[in-house]
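Next come the chains, spelled out residue by residue.
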Amino acid sequence: MAVLVILAAGTGFYISLKQSQNRLEQNAVAQGLFWPNPKRIKDFSSEDHNDKVFGLNQMSGKWSFVFFGYTNCPDICPITMSVMADVYQKLVVEFEDIQIIFVTVDPERDTTNKLSSYVSYFNKDFIGLHDEPKNENSLIGQIGIAYYYNKENENYLVDHSASIFVIDPKMRLVTKLSPPHQSEKIIDQFKNIKRFIDEEN
Amino acid sequence: MKKISGLIFTLFLNINIVLAENNLKVDITDLWISEAPPTISVLVAYVTLKNNSEIPVSLTSISCSLFSSIEIHRSIVKNDIASMERHPTLEIPSKSTIKLSPGDYHLMLFNPKTPLKIGDAPVFIFSFSDGTQIPVTAAIRKRSNSTY
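Chains as they are written, first to last, in the numbering used here: chain A, 1 to 201; chain B, 1 to 148.
If you're looking for bench data, these hints aren't it; they were derived computationally from the structure.
Where a beta carbon is used, it is the ideal one built from N, C-alpha and C, also for glycine.
One or more of the hints may lead you astray.
[Unchecked claim] Capping the alpha-carbon separation at 25 angstroms, the derived lysine-lysine pairs in DSS-like fashion look like this: (1) A:62 x A:151; (2) A:170 x A:62; (3) B:117 x A:124; (4) B:25 x B:78; (5) A:185 x B:142; (6) B:78 x A:176; (7) A:90 x B:78; (8) A:185 x A:90; (9) A:151 x B:113.
[As the list claims (entries may be wrong)] From chain A, some residues computed to sit far from chain B (all C-beta separations above 10 angstroms): (10) 75; (11) 77; (12) 117; (13) 159; (14) 171; (15) 179.
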């Protein structure tokens with residue numbers, strides 16, 4: 001009897017997993033999902049562009065688009081932020097629970113004042129974060145962001161991830177949107193991902 | 001008679017302008033600076049360079065009194081990592097056009113002496129390997145939102 005129950009449970013789990021995989025395969029846009037085992041983001045403590053503590057409480061219950069860059073980056077970062085400004089403007093009329101987060105990988109030069117002016121320029125709702133990689137469970141560490149300082153002089157450049165990471169309201173890192181970024185493509189991807197996750201929940 | 005001499009003078013003037021334009025080896029068009037938050041210490045400019053001559057010519061330096069220095073850079077995104085490489089000069093092959101554009105070649109403008117806003121018109125001096133120096137006025141523009 002016990003064997004039958006385990007067998008039935010196992011079969012049920014297998015069918016459910018298979019259905020989930022089939023749905024994923026049918027949905028070309030959602031294929032980049034880290035599914036069925038997305039990483040769960042643990043609590044972390046960073047500071048936002050208003051010098052306020054920012055952690056799990058500020059992210060849970062919301063869809064977060066997270067981009068890692070630095071304000072002295074004149075090309076790729078502002079391009080990505082402009083794309084995200086367009087994405088946010090179009091998505092926020094349909095979905096209230098969305099936030100755009102810019103995490104600096106250059107906290108030494110990106111002061112709170114600079115970060116505040118930078119994120120607000122693209123949209124007043126955008127959030128800028130100082131996330132210290134040395135801190136336990138830093139967002140940079142948890143997501144595994146690579147960056148490298150080319151410190152030749154005071155105007156040094158930083159190599160950094162160009163992807164946008166999406167964390168769902170349950171704090172699961174569900175996907176990475178790779179460049180080149182286009183607002184319409186990101187909006188389509190997000191809607192497909194959200195539909196898929198909502199069906200899974 | 002006055003009308004005829006006026007016409008001849010106008011024709012002469014036009015011919016001179018056309019000749020002067022044809023003598024320019026490089027056409028520099030669409031020079032624009034992307035508007036940025038006032039606290040930013042590195043701005044970016046884009047431009048189109050057209051070499052009209054039969055021989056290659058190199059852009060060797062760019063200057064503008066509003067910035068401490070200007071460098072030619074290229075953005076590269078490889079394996080999801082964004083980086084930039086500096087190019088001391090930029091060669092424009094004969095009879096070719098190079099467009100410096102978002103996500104590719106661009107001019108890095110270091111330490112603006114004053115925040116720039118739409119309507120400002122700073123003058124840049126482009127210097128080339130043949131000794132030519134061409135002044136060009138830049139426009140300040142808001143970046144397009146939807147793509148790169």
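Worksheet item: Broken hints, numbered, in rising order?
Response: 1, 4, 7, 10, 11, 12, 13 and 15
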